[in-house]
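**Student:** Based on the sequences and whatever the hints tell you, model everything.
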Amino acid sequence: MAASRYTFAYRRAHDQDARAAVRHPVVVVGAGPVGLAAAIDLGLRGIAVVLIDDADRIGEGSRGICWSKRTLEICDRLGVGEKLVAQGVTWKLGKVFRGDELVFSFDLLPEGGHKMPAFINLQQFQVEKALVDRAGEIETIDLRWKNRLIGVEPHNDHVRLTIDTPDGPYAMEASWLIAADGARSTTRDRLGLNFSGVTFEDKFLIADIKMAADFPTERRFWFDPSFHSGQSALMHRQPDNVWRIDLQLGPEADVMEEQTPERVTARLKRMLGERAFSLEWISIYRFNCRRLERFVHGRVVFVGDAAHQVSPFGARGANSGVQDAENLAWKLAAVIKGEAGPALIDSYERERIQAADENIGHSTRSTDFIAPHSDSERRLRNAVLALAPRAEFARRMINSGRLSVATVYDTPLSTPDEDVFGGSSRLGAPLPDAPVRTRDGREGHLMESIPGAFTLLTVKDGAVPQALPGLQVVSIGEDVIDTAGLLAQRLDATPGAAYLLRPDQHLCARWRRFDRGKIEAAKERALGRG
Amino acid sequence: MAKLITQLQLADADAAYVALVEARRGLSVEEAADLDTKLVLLLANHIGDLDVLDEAIALAKGTE
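The listed protein sequences correspond, in order, to chains A and B. The C-terminal residue of the first sequence carries number 934 in our numbering, and the numbering is unbroken. The C-terminal residue of the second sequence carries number 127 in our numbering, and the numbering is unbroken.
In short, the hints are calculated from the structure, not lab data. Be aware that a few hints might be false.
[Said to hold, decoys possible] Simulated pairs of lysine-lysine, DSBU-like, Cα-Cα distance not exceeding 35 Å: (1) A:K499 - B:K101; (2) B:K101 - A:K496; (3) A:K607 - B:K101; (4) A:K607 - B:K124; (5) B:K66 - B:K124; (6) A:K519 - A:K673; (7) A:K864 - A:K487.
[Said to hold, decoys possible] So the derived label-pair ranges between C-beta atoms look like this: (8) B:D112 - A:G921: 43 to 49 Å; (9) A:E847 - B:V103: 52 to 58 Å; (10) A:D823 - B:A76: 52 to 58 Å; (11) A:L506 - B:G89: 30 to 36 Å; (12) B:Q70 - A:E697: 56 to 62 Å; (13) A:F619 - B:R88: 44 to 50 Å.
Beta carbons: idealized from backbone N, C-alpha and C, even for Gly.
**Tutor:** Right, here's the structure in full:
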């Protein structure tokens with residue numbers, strides 16, 4: 405089995421020699437993809453962040469492997485998106501089999517012109533490594549390995565933390581604590597918060613294997629295949645000839661016995677025949693669908709798996725966590741800089757609880773389909789599969805994981821439309837991407853021209869553009885040319901129209917005509933002051 | 064407002080009943096259950112209205 409890929413040195417921090425606990429604006433607990441994304445986003449906004457992690461290494465096991473388009477767009481804004489796409493395996497085709505027969509295939513990116521693909525597969529440790537490297541380039545981020553959180557003491561305007569290190573414990577204070585410490589969150593335990601939901605009985609085996617194989621780059625899912633009778637199986641390609649195999653084992657499986665390499669190898673041989681492979685990582689898990697009742701507890705904010713947990717079919721764990729991080733980062737930065745009141749943080753909770761509930765809903769439905777609770781539920785599921793080859797509606801009912809897409813926020817931060825807009829853009833959703841040519845003649849994509857700040861996207865109509873304080877203005881027709889005509893289509897853009905984007909690239913207001921007063925009011929509203 | 068139609072709609076109620084009887088004649092309980100499940104799915108999609116489906120489920124379960 406592979407050992408950890410990357411190790412990092414513990415370094416003694418100044419805080420450990422301070423006489424009194426040092427106060428930091430933000431401490432992030434947990435240097436996984438979510439904590440790293442939060443720290444980088446805040447760091448790029450000029451906020452000093454201490455990021456602590458109890459380990460000093462990453463790469464024990466592939467863990468999360470599917471990264472969605474929206475996550476990649478966020479990573480691109482943070483400076484690692486292109487690197488991840490170059491390293492990862494891009495895919496968009498999924499196939500579903502019943503027994504050994506293909507019943508259904510799907511294409512995840514029905515429209516072109518987006519910079520980022522629908523999905524890439526890349527081992528979580530590679531994403532973490534890219535983010536750790538990026539964090540190292542940002543001066544305001546202080547990343548401390550082998551710093552284990554052991555005490556959390558909430559106060560009105562800060563949190564007092566006790567951290568254990570190889571040199572012994574020390575204390576520090578955080579004006580805001582971001583808990584990105586995963587499904588077994590120490591922060592959550594220390595605050596005594598209830599993490600409630602449903603745990604499903606069925607056990608699943610994940611085996612990542614190294615194998616030279618010319619299988620196509622697609623997600624393959626089997627219901628009741630001959631090599632794994634009565635259960636489901638998933639196969640997915642990762643870079644470097646690594647393949648993710650996920651086998652349903654049923655509720656009765658013996659967790660210890662099923663994890664032995666002999667047992668796993670025997671199961672995989674039934675699937676792969678005599679093809680040579682080596683085991684990279686084995687894990688057994690059960691589905692959990694649960695969340696905290698609230699994500700914000702005074703000055704402690706929960707993100708990612710610490711706040712909510714879903715089953716892996718659907719790529720909703722790490723992806724939704726990174727989207728939590730981006731939702732929180734700009735709001736927290738605005739509050740710390742005094743540009744918004746603390747009430748803006750409440751909108752993080754509202755928007756991301758909406759997303760978590762969507763994810764838990766989808767995940768629960770997938771689980772009900774993949775692992776029916778009773779014989780009669782199995783009969784219903786099998787009837788859908790049996791009808792699928794001859795009835796289109798039944799193919800659409802097959803649920804082997806509905807893959808993650810960005811949530812359209814139903815949020816008070818959006819200003820309701822007063823004009824009618826068509827196209828595919830939605831209030832509360834990320835801006836749709838499209839190919840553009842920039843002023844310097846470079847061919848690129850719209851998303852690259854949208855900074856991580858409040859931005860007014862305007863459509864050229866001959867009027868002299870007005871400057872607005874605190875707003876970046878990007879003009880379609882001047883700053884960016886809509887070379888493929890897709891922007892006009894997706895935004896339903898007409899000359900003179902204006903679109904207000906939040907710092908997380910989500911659309912929060914739009915008008916057919918530029919109106920300074922309305923734009924300023926919409927921005928106030930998006931800062932939680934409307 | 065009820066959307067589920069419970070008045071007779073079929074031109075020949077007896078013929079429809081016979082069609083359902085003949086479909087299951089000679090089948091085991093298991094096979095008949097599989098058949099019925101597929102029929103439920105096909106007809107639910109044909110009706111294409113979740114409200115009607117919910118009302119039908121409630122009526123069938125005696126919880127309406």
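**Student:** Each hint needs a verdict: does it hold in this structure or not?
**Tutor:** For each hint, the structure was consulted:
{"no.": "1", "hint": "A:K499 - B:K101", "in the structure": "holds, 23 Å"}
{"no.": "2", "hint": "B:K101 - A:K496", "in the structure": "holds, 31 Å"}
{"no.": "3", "hint": "A:K607 - B:K101", "in the structure": "holds, 28 Å"}
{"no.": "4", "hint": "A:K607 - B:K124", "in the structure": "holds, 32 Å"}
{"no.": "5", "hint": "B:K66 - B:K124", "in the structure": "holds, 17 Å"}
{"no.": "6", "hint": "A:K519 - A:K673", "in the structure": "violated, 39 Å"}
{"no.": "7", "hint": "A:K864 - A:K487", "in the structure": "holds, 34 Å"}
{"no.": "8", "hint": "B:D112 - A:G921: 43 to 49 Å", "in the structure": "holds, 46 Å"}
{"no.": "9", "hint": "A:E847 - B:V103: 52 to 58 Å", "in the structure": "holds, 53 Å"}
{"no.": "10", "hint": "A:D823 - B:A76: 52 to 58 Å", "in the structure": "holds, 55 Å"}
{"no.": "11", "hint": "A:L506 - B:G89: 30 to 36 Å", "in the structure": "holds, 32 Å"}
{"no.": "12", "hint": "B:Q70 - A:E697: 56 to 62 Å", "in the structure": "violated, 47 Å"}
{"no.": "13", "hint": "A:F619 - B:R88: 44 to 50 Å", "in the structure": "holds, 46 Å"}
The structure fails hints 6, 12 (numbered hints given earlier, in ascending order).
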